[in-house]
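Engineer: Straight run, no breaks: the sequence shown in our numbering ends on number 268.
For the record, the hints were derived by calculation from the structure and aren't laboratory data.
Even glycine gets a Cβ: it sits at the ideal position worked out from N, Cα and C.
Hints should not be assumed to be uniformly reliable.
[As the list claims (entries may be wrong)] Result set (BS3-like, lysine-lysine): computed pairs, CA atoms no more than 27 Å apart in a straight line:
#	residue 1	residue 2
1	Lys118	Lys193
2	Lys179	Lys193
3	Lys193	Lys13
4	Lys118	Lys239
5	Lys193	Lys146
[What the hints assert, rightly or not] Here are the in silico distance ranges between beta carbons for each label pair:
#	residue 1	residue 2	range
6	Pro28	Leu232	17 to 27 Å
7	Asn216	Val174	40 to 50 Å
8	Leu83	Lys239	17 to 27 Å
9	Lys70	Phe138	20 to 30 Å
10	Lys118	Phe138	22 to 32 Å
11	Ser73	Val174	40 to 50 Å
12	Ser109	Leu79	37 to 47 Å
13	Pro26	Asn216	36 to 46 Å
14	Asn150	Glu111	45 to 55 Å
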Amino acid sequence: MSFFKSIILSLSMFSAIPMPRIEWNQKNMRYMMCTFPFVGLVIAFLCGGWFIFGQFLARWHKNLSPALIALGFTLIPVFVSGGIHLDGFMDTCDALESHASREKKLEILKDSHSGAFAVLGCVIYFLCYFVLSLEVFKQPLNLINLAPFLGIFVISRILSAFAVAVFPIAKDSGLVHTFATATIKNFTALWCSFWLILISMLQIYFFNYLGIALVAICLSVFCLYFVMAVKNFGGITGDTAGWFVQLCEISALAVFAIML
9 MSFFKSIILS LSMFSAIPMP RIEWNQKNMR YMMCTFPFVG LVIAFLCGGW FIFGQFLARW
69 HKNLSPALIA LGFTLIPVFV SGGIHLDGFM DTCDALESHA SREKKLEILK DSHSGAFAVL
129 GCVIYFLCYF VLSLEVFKQP LNLINLAPFL GIFVISRILS AFAVAVFPIA KDSGLVHTFA
189 TATIKNFTAL WCSFWLILIS MLQIYFFNYL GIALVAICLS VFCLYFVMAV KNFGGITGDT
249 AGWFVQLCEI SALAVFAIML
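With the sequences and hints as input, model every part of the structure.
Structural biologist: Here it is in structure tokens:
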């Protein structure tokens with residue numbers, strides 16, 4: 009029952025999907041990081057559904073632009089997540105580009121105002137994501153061809169949850185500190201490791217070099233995330249976690265577009 013409640017809390021916190029109200033306490037939150045990847049599963053399902061819908065429309069409208077499918081593919085992850093990870097990505101861009109002291113960077117993360125580098129980072133992100141998506145959907149595809157990338161929405165959140173259980177936390181307050189305190193760290197790390205290895209093996213077994221490349225880029229960005237967070241902030245925060253999820257997904261999309 010606690011695991012089921014943790015799923016609801018994860019979907020309530022990390023998505024814009026309406027969920028029943030459940031008390032936020034340590035008991036209900038202890039598996040919350042384990043269930044965080046369910047949000048990625050929902051995104052993968054909806055993106056796959058959008059692609060199927062686009063294929064259906066293409067049968068009726070022969071001149072349907074792939075830009076329509078690419079647009080939906082770009083916006084669905086943001087709409088489902090409610091922009092929570094994009095917000096962290098923007099705040100982290102602001103902090104990193106300030107080139108200030110660690111303490112000042114942490115203050116910038118807490119600032120509710122968006123600076124120039126946050127806006128610039130967001131614009132560049134959406135432009136790149138849309139163009140890469142368009143490049144993917146210009147090619148003849150079926151859902152099986154798309155499957156290896158859809159799995160990235162889950163992998164990015166598995167790695168993010170693993171980081172909460174293992175990486176140092178930058179502050180003694182904030183969401184990540186709350187989640188890290190409430191979660192069963194050893195169980196979460198083992199749970200995430202199991203699913204990461206299983207999904208990675210499936211990616212490699214079914215998609216060969218493409219699967220290897222996608223797993224490799226995710227792990228590379230994960231290592232970059234650790235170095236960046238520790239060097240600049242002394243550990244991870246909720247904002248840096250959002251930065252990682254967004255960067256992991258767009259990096260995987262770039263590899264997918266190149267190798268498809």
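Engineer: Run through the hints listed earlier and report the numbers of any the structure violates, in increasing order.
Structural biologist: Structure breaks hints 5, 6, 7 and 8.
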